[in-house]
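Student: So the chains spell out like this:
Protein chains: 2
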Amino acid sequence: MENLNYDVWILTVGNELLIGRVVNTNASQLGKMLTLMGFRVSRIIVVPDDIEEIVEEVRRATGRVRLLVTTGGLGPTYDDLTLEAIARALNRQLKVNPEAEAMIREFYSRRGMPMTRERLKMAVMPEGAMALKNPIGAAPGCVVEEGGTIIISLPGVPEEMEAMFKSEAAKILERIAPQISIVECSLTIKGVPESTIAPAIESTAKKHPEVYVKSHPKGFELGAPVLDVRALASDVDRGSAEAAALEALAYIKQEVVRLGGSTDEARCG
Amino acid sequence: MENLNYDVWILTVGNELLIGRVVNTNASQLGKMLTLMGFRVSRIIVVPDDIEEIVEEVRRATGRVRLLVTTGGLGPTYDDLTLEAIARALNRQLKVNPEAEAMIREFYSRRGMPMTRERLKMAVMPEGAMALKNPIGAAPGCVVEEGGTIIISLPGVPEEMEAMFKSEAAKILERIAPQISIVECSLTIKGVPESTIAPAIESTAKKHPEVYVKSHPKGFELGAPVLDVRALASDVDRGSAEAAALEALAYIKQEVVRLGGSTDEARCG
Numbered sequence: 003m004e005n006l007n008y009d010v011w012i013l014t015v016g017n018e019l020l021i022g023r024v025v026n027t028n029a030s031q032l033g034k035m036l037t038l039m040g041f042r043v044s045r046i047i048v049v050p051d052d053i054e055e056i057v058e059e060v061r062r063a064t065g066r067v068r069l070l071v072t073t074g075g076l077g078p079t080y081d082d083l084t085l086e087a088i089a090r091a092l093n094r095q096l097k098v099n100p101e102a103e104a105m106i107r108e109f110y111s112r113r114g115m116p117m118t119r120e121r122l123k124m125a126v127m128p129e130g131a132m133a134l135k136n137p138i139g140a141a142p143g144c145v146v147e148e149g150g151t152i153i154i155s156l157p158g159v160p161e162e163m164e165a166m167f168k169s170e171a172a173k174i175l176e177r178i179a180p181q182i183s184i185v186e187c188s189l190t191i192k193g194v195p196e197s198t199i200a201p202a203i204e205s206t207a208k209k210h211p212e213v214y215v216k217s218h219p220k221g222f223e224l225g226a227p228v229l230d231v232r233a234l235a236s237d238v239d240r241g242s243a244e245a246a247a248l249e250a251l252a253y254i255k256q257e258v259v260r261l262g263g264s265t266d267e268a269r270c271g
Numbered sequence: 003m004e005n006l007n008y009d010v011w012i013l014t015v016g017n018e019l020l021i022g023r024v025v026n027t028n029a030s031q032l033g034k035m036l037t038l039m040g041f042r043v044s045r046i047i048v049v050p051d052d053i054e055e056i057v058e059e060v061r062r063a064t065g066r067v068r069l070l071v072t073t074g075g076l077g078p079t080y081d082d083l084t085l086e087a088i089a090r091a092l093n094r095q096l097k098v099n100p101e102a103e104a105m106i107r108e109f110y111s112r113r114g115m116p117m118t119r120e121r122l123k124m125a126v127m128p129e130g131a132m133a134l135k136n137p138i139g140a141a142p143g144c145v146v147e148e149g150g151t152i153i154i155s156l157p158g159v160p161e162e163m164e165a166m167f168k169s170e171a172a173k174i175l176e177r178i179a180p181q182i183s184i185v186e187c188s189l190t191i192k193g194v195p196e197s198t199i200a201p202a203i204e205s206t207a208k209k210h211p212e213v214y215v216k217s218h219p220k221g222f223e224l225g226a227p228v229l230d231v232r233a234l235a236s237d238v239d240r241g242s243a244e245a246a247a248l249e250a251l252a253y254i255k256q257e258v259v260r261l262g263g264s265t266d267e268a269r270c271g
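Top to bottom, those sequences are chains A and B. The opening position of the first sequence corresponds to residue 3 in our numbering, with each subsequent residue numbered one higher. The opening position of the second sequence corresponds to residue 3 in our numbering, with each subsequent residue numbered one higher.
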């Protein structure tokens with residue numbers, strides 16, 4: 003297998019996200035879970051329920067990133083197109099996946115409901131796919147691999163997405179995740195505007211290229227600007243990651259005091 | 003100018019969005035405002051604070067969509083790279099924009115603060131850009147046009163993004179927006195599962211291809227499934243858009259009753 007590092011793209015499918023009816027909490031939730039596993043999320047893409055547009059982004063990711071996680075478009079309706087698009091992007095046949103079909107039959111028979119054409123559609127997957135059990139809803143997830151890229155398709159309903167990620171997808175990802183710890187430390191600064199502390203942040207970031215340092219304006223308290231400065235570090239050893247993040251913040255703390263501002267103690271989590 | 007229709011891509015820049023520290027409310031807020039103006043938002047893309055990755059997406063959009071709206075990366079810090087990336091993507095020089103410089107000077111002089119190298123950085127824009135006044139914060143926005151694509155860059159702080167969109171960007175967009183009205187009507191269904199009503203939604207969507215019909219599961223009430231069905235229609239005439247959306251929902255209502263469920267009255271907004 004090629005070495006595609008630990009880059010991940012998240013592809014969320016759904017017109018409701020593009021027209022602003024729904025906020026994309028799936029993407030941020032996935033971003034957090036994947037980052038904490040040590041992956042580098044380098045793209046979140048939202049596409050319409052349009053097969054050509056889904057195909058374009060799946061093709062762009064395949065062979066380029068280690069992992070593509072999709073959400074949405076697995077349901078029973080005519081505009082649930084994700085698995086058809088993945089099959090087309092990878093030039094694979096669409097077939098009823100027997101494991102997926104069994105999961106769906108079980109879901110409905112427990113509720114005393116028959117199998118229908120629409121329900122069976124949720125079992126139609128690209129050839130060679132592995133079905134993932136949906137712990138809450140009807141639509142199974144799907145995993146395929148191509149050109150070194152693993153494509154994991156999860157449902158769009160946030161509770162189903164999260165449940166399937168934690169109970170099913172995480173098992174697959176743990177095998178390919180880097181063995182590292184990620185630590186974020188933060189510091190609250192009062193009395194120094196962001197543009198005044200910017201040179202200190204720039205120099206600490208240059209001195210510690212492995213630490214991601216970023217300031218976040220938090221508004222004003224009693225007329226004085228309040229900023230959060232956050233340092234994100236990763237290392238095979240958790241203690242080393244934390245030490246690197248704290249070292250980056252220590253320099254900023256010192257500069258804040260020199261510039262007449264104040265800070266609290268750095269917190270790590 | 004080429005006819006690039008009314009397609010819009012939204013490019014939101016920031017590692018904090020990718021690692022899930024911040025939910026991308028800017029994208030959904032922009033998606034809503036642009037859809038209501040009659041544009042078709044066909045992509046939301048989140049990229050890291052990495053110049054090559056921003057350049058790649060700006061190049062992909064240029065000459066392809068009518069409008070690219072970016073958020074984030076306009077501030078004073080070293081990792082605010084959006085305008086540098088746009089200049090590189092369009093092969094333009096970066097220059098201090100005199101209007102932007104005047105806006106920044108005014109912002110800080112009012113607060114009794116001097117101009118610094120970091121603050122002046124916020125005035126550095128691609129050659130030929132127009133600066134947009136920031137009604138709240140320090141960083142001006144930026145507009146450039148290339149290959150029929152207008153690129154509007156807004157700040158990443160949500161309040162600043164929204165204020166600049168409404169007071170500055172909307173004026174530019176109104177001139178190029180289609181002269182149409184968008185109406186969304188919705189219906190709440192009880193007692194019929196999504197997979198059971200799916201064939202009716204499919205056939206109404208096929209019968210009314212200009213209406214976007216979608217079901218949204220809302221959970222259960224007293225053991226019975228609850229669904230929202232929404233129909234989005236657009237037309238030069240608002241009344242016609244509403245009539246089309248209501249007609250699409252009327253068929254679903256009839257099917258729900260036939261299947262033993264109940265609905266409320268359709269609401270439009």
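Hints are computed from structural coordinates only; laboratory data are not their basis. Watch out, some of these pointers could steer you wrong.
You can't tell identical chains apart in this list, so a pair holds if it fits in one copy or across any two.
Stated by the list, open to error - Using 30 Å as the maximum straight-line C-alpha spacing, the simulated DSSO-like pairs for lysine-lysine come out as follows: (1) 255 / 135; (2) 255 / 97; (3) 168 / 209; (4) 34 / 216; (5) 209 / 173; (6) 168 / 255; (7) 34 / 135.
Student: If you check each hint against the structure, which ones fail?
Tutor: The structure conflicts with hints 1, 2, 3, 5, 6, although it agrees with all the remaining ones.
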